[in-house]
Amino acid sequence: MSCCGATPDHEDMEAVARLVAGRLGAFLKTLRDNGFAVGLSEGQDAAAVMAEGYADRPGLLRSAFKHLFSARKSEWDRFDGLFDAFWLGKRVRSRSLTSGSPQFANSPSLKSLQDTNAAQQGPQGATDQIPSDETPREGGGEGRSEGASRVETLADTDFRKLADPDQVALAHEAAARLAKAMRTRLTRRDQLRRSGERLDLRRTIHRNISHGGVPIALVHRRRKHKPLRLVVLLDASGSMSPYTAVFLRFIHGVLDAFHEAEAFLFHTRLAYVSDAMKEKDAARALDRLSMMAQGAGGGTKIGESLQTFNRWHASRVIHSRSCVMIVSDGYDTGDPALLGREMAQLKRRCRRIVWLNPMLGWDGYAPEARGIKAALPFVDLYAPAHTLSSLAALEPYLARL
Amino acid sequence: MKTRDDIARSLATCGYIADGELSTALSLMQLLKRPLLLEGEAGVGKTEVAKALACVHGTELIRLQCYEGLDQSSALYEWNYQRQLLAIEAHRGHGEGIEDQIFSEKYLLERPLLAAIRRATPPVLLIDEIDRADDEFEAFLLELLSDFQVSIPELGTITATSIPHVVLTSNGTRELSDALRRRCLYHYVDYPDVDREARIILARVDGTSAQLALQIARLVEGLRKEELRKVPGVAETLDWAAALVGLDVRDLKDQPEVVYETLMCLLKTHEDRSRVTREVAARLLGKVA
Numbered sequence: 001m002s003c004c005g006a007t008p009d010h011e012d013m014e015a016v017a018r019l020v021a022g023r024l025g026a027f028l029k030t031l032r033d034n035g036f037a038v039g040l041s042e043g044q045d046a047a048a049v050m051a052e053g054y055a056d057r058p059g060l061l062r063s064a065f066k067h068l069f070s071a072r073k074s075e076w077d078r079f080d081g082l083f084d085a086f087w088l089g090k091r092v093r094s095r096s097l098t099s100g101s102p103q104f105a106n107s108p109s110l111k112s113l114q115d116t117n118a119a120q121q122g123p124q125g126a127t128d129q130i131p132s133d134e135t136p137r138e139g140g141g142e143g144r145s146e147g148a149s150r151v152e153t154l155a156d157t158d159f160r161k162l163a164d165p166d167q168v169a170l171a172h173e174a175a176a177r178l179a180k181a182m183r184t185r186l187t188r189r190d191q192l193r194r195s196g197e198r199l200d201l202r203r204t205i206h207r208n209i210s211h212g213g214v215p216i217a218l219v220h221r222r223r224k225h226k227p228l229r230l231v232v233l234l235d236a237s238g239s240m241s242p243y244t245a246v247f248l249r250f251i252h253g254v255l256d257a258f259h260e261a262e263a264f265l266f267h268t269r270l271a272y273v274s275d276a277m278k279e280k281d282a283a284r285a286l287d288r289l290s291m292m293a294q295g296a297g298g299g300t301k302i303g304e305s306l307q308t309f310n311r312w313h314a315s316r317v318i319h320s321r322s323c324v325m326i327v328s329d330g331y332d333t334g335d336p337a338l339l340g341r342e343m344a345q346l347k348r349r350c351r352r353i354v355w356l357n358p359m360l361g362w363d364g365y366a367p368e369a370r371g372i373k374a375a376l377p378f379v380d381l382y383a384p385a386h387t388l389s390s391l392a393a394l395e396p397y398l399a400r401l
Numbered sequence: 001m002k003t004r005d006d007i008a009r010s011l012a013t014c015g016y017i018a019d020g021e022l023s024t025a026l027s028l029m030q031l032l033k034r035p036l037l038l039e040g041e042a043g044v045g046k047t048e049v050a051k052a053l054a055c056v057h058g059t060e061l062i063r064l065q066c067y068e069g070l071d072q073s074s075a076l077y078e079w080n081y082q083r084q085l086l087a088i089e090a091h092r093g094h095g096e097g098i099e100d101q102i103f104s105e106k107y108l109l110e111r112p113l114l115a116a117i118r119r120a121t122p123p124v125l126l127i128d129e130i131d132r133a134d135d136e137f138e139a140f141l142l143e144l145l146s147d148f149q150v151s152i153p154e155l156g157t158i159t160a161t162s163i164p165h166v167v168l169t170s171n172g173t174r175e176l177s178d179a180l181r182r183r184c185l186y187h188y189v190d191y192p193d194v195d196r197e198a199r200i201i202l203a204r205v206d207g208t209s210a211q212l213a214l215q216i217a218r219l220v221e222g223l224r225k226e227e228l229r230k231v232p233g234v235a236e237t238l239d240w241a242a243a244l245v246g247l248d249v250r251d252l253k254d255q256p257e258v259v260y261e262t263l264m265c266l267l268k269t270h271e272d273r274s275r276v277t278r279e280v281a282a283r284l285l286g287k288v289a
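The listed protein sequences correspond, in order, to chains A and B.
Residue 401, in full-length UniProt numbering, is where the first sequence stops; the numbers in between run on with no holes.
Residue 289, in full-length UniProt numbering, is where the second sequence stops; the numbers in between run on with no holes.
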């Protein structure tokens, strides 16, 4: 507004500008409430955009704001609806889409998730249910929870209770992003561990003869490197059905592009699903898997499935830096003695066995099932896995492998 | 400064058929002096946007292809060690003073990022597939893109002569940091609709008729809805159109056999090739009309 005379026109313009500026603030707040990471600088840019004449043309303004405020595909897709709802008073398709999502839409900070988890678990001591010698305690896990509020968010909602399809979709998306972040960190840790390689002087000199012995191209001594390998065994039986979908999505996120990973599904028999899991497109991976999981929904024969695994797959997929992750509620219709034997054999082969049990998060649940009782002595980490935060809490443990 | 409509027009003259939103994005880039982050499936024409932008501004395109392990020396600058060594050898026995010489402009190798900030007229800097680079590089880039200056220990700080138009592209291999996302304007590039794709074909492939272009675009759209491992992108469509023109096809319906044979331009995996059988091709062709 660069005018000089205090004409009525000028005052009107000023009033309109004030109104728009006020509304802009409210719009930014709406966006923030919906999980958009909108800061001060975006607000200033938005004001600059409006001053450039965009404010007169709603279609254009919407498009400009869309580029300015959204930062990823999910936000890009939701933006038009939010804009129309705010500026044009149209109804947004689903209100539930927006509730409870900010924590995730923003940035799924693993640390904060861990903190919330620690706060929720309280004195029972979060993840390490079995005090075994090898099981390291999460340093300060309980201490860090001070000040964390127990807000009921998507992160802490039991997967069973996700009824609304939108919420389920959000949980899926969050699980995938969580897995991605976790994968990136694990891969990076592996790479860091590889740094600090020493020079191989002999080969360096040999390589540089053509430069008159001046060491231009350096040759490093290579260290033998075995990256962490994850082997996931997922229970796809009927009792696990409320959780299977979210886990599949999570596991898909971890395995996709994680070069050292294998996955198996089991119910009454064992199926090798790594190839399906390595499918880029999550939806298609899940489709392929659900085909493979046919016949699921009946009883679970954990012992027999493990026997198959040990006999036919273990030698190929397990090496010394492997972590076997079993995701199951432990309700076994087979022979518990067999399960115990097979667990013992598995234990001898791999570095760690992690057992994730969704039921562990329930109030008052104790591992009474015969199957789980037989298996527990061989498990290094027995952890709940019924919410997104419990999944996030696994990362530090995996990183130490 | 060019308005949105000007930009749309000049994009068209550069052979890029943009939708309205992309023109808005490009004009905003100019207005706010921010980088533009383009996300979308492989083959939707993200890189083409940068080329078209360079054409619109009549300026040079400097491209930095990202990959895992990309470091500053290949992105920013590097000393020309061989020449330095030669200079040292040649200087031997001439007393002091060689150090100042060998750490001067003459021995500095410009890499894309340094080149981009030292041009007299602002070039378009394309940072391609940023999601392939490591986190560290992303963080380094953030610093460079905010200050547009670089410090070279031996030479001092080099400040940008002109601020380049920066375009980043990402296929979503890795989740980018929120800091980078917030710094950029965001645009999601989708596959073009039939009408736009037909116009792209007309603009880029000589010898196509409007009718043939429309048929090709419709068939490709149908193909994209099939269950494929690798959905054909715009580049594949253009290849196919060129192949058809080269084989003197005027109307797809007249030569179903040629259509089936040339589908290899669009289908890039064995699995997809075997999935699109003659029957499927015939069905798709039936819808082209």
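Treat the hints with care, as some may be off.
Claimed, not checked - Simulated restraints, written as ranges between beta carbons of each label pair: (1) B/Ser104 x A/Asp33: 19 to 29 Å; (2) A/Asp33 x B/Asp135: 21 to 31 Å; (3) B/Glu41 x A/Arg321: 28 to 38 Å; (4) A/Arg321 x B/Gly207: 37 to 47 Å; (5) B/Asp178 x A/Arg321: 53 to 63 Å; (6) B/Arg83 x A/Arg202: 24 to 34 Å; (7) B/Glu41 x A/Ala217: 34 to 44 Å.
Bear in mind the hints are in silico, worked out from the structure with no lab data behind them.
Beta carbons: idealized from backbone N, C-alpha and C, even for Gly.
Ascending list of hint numbers which this structure does not respect: 1, 4, 5
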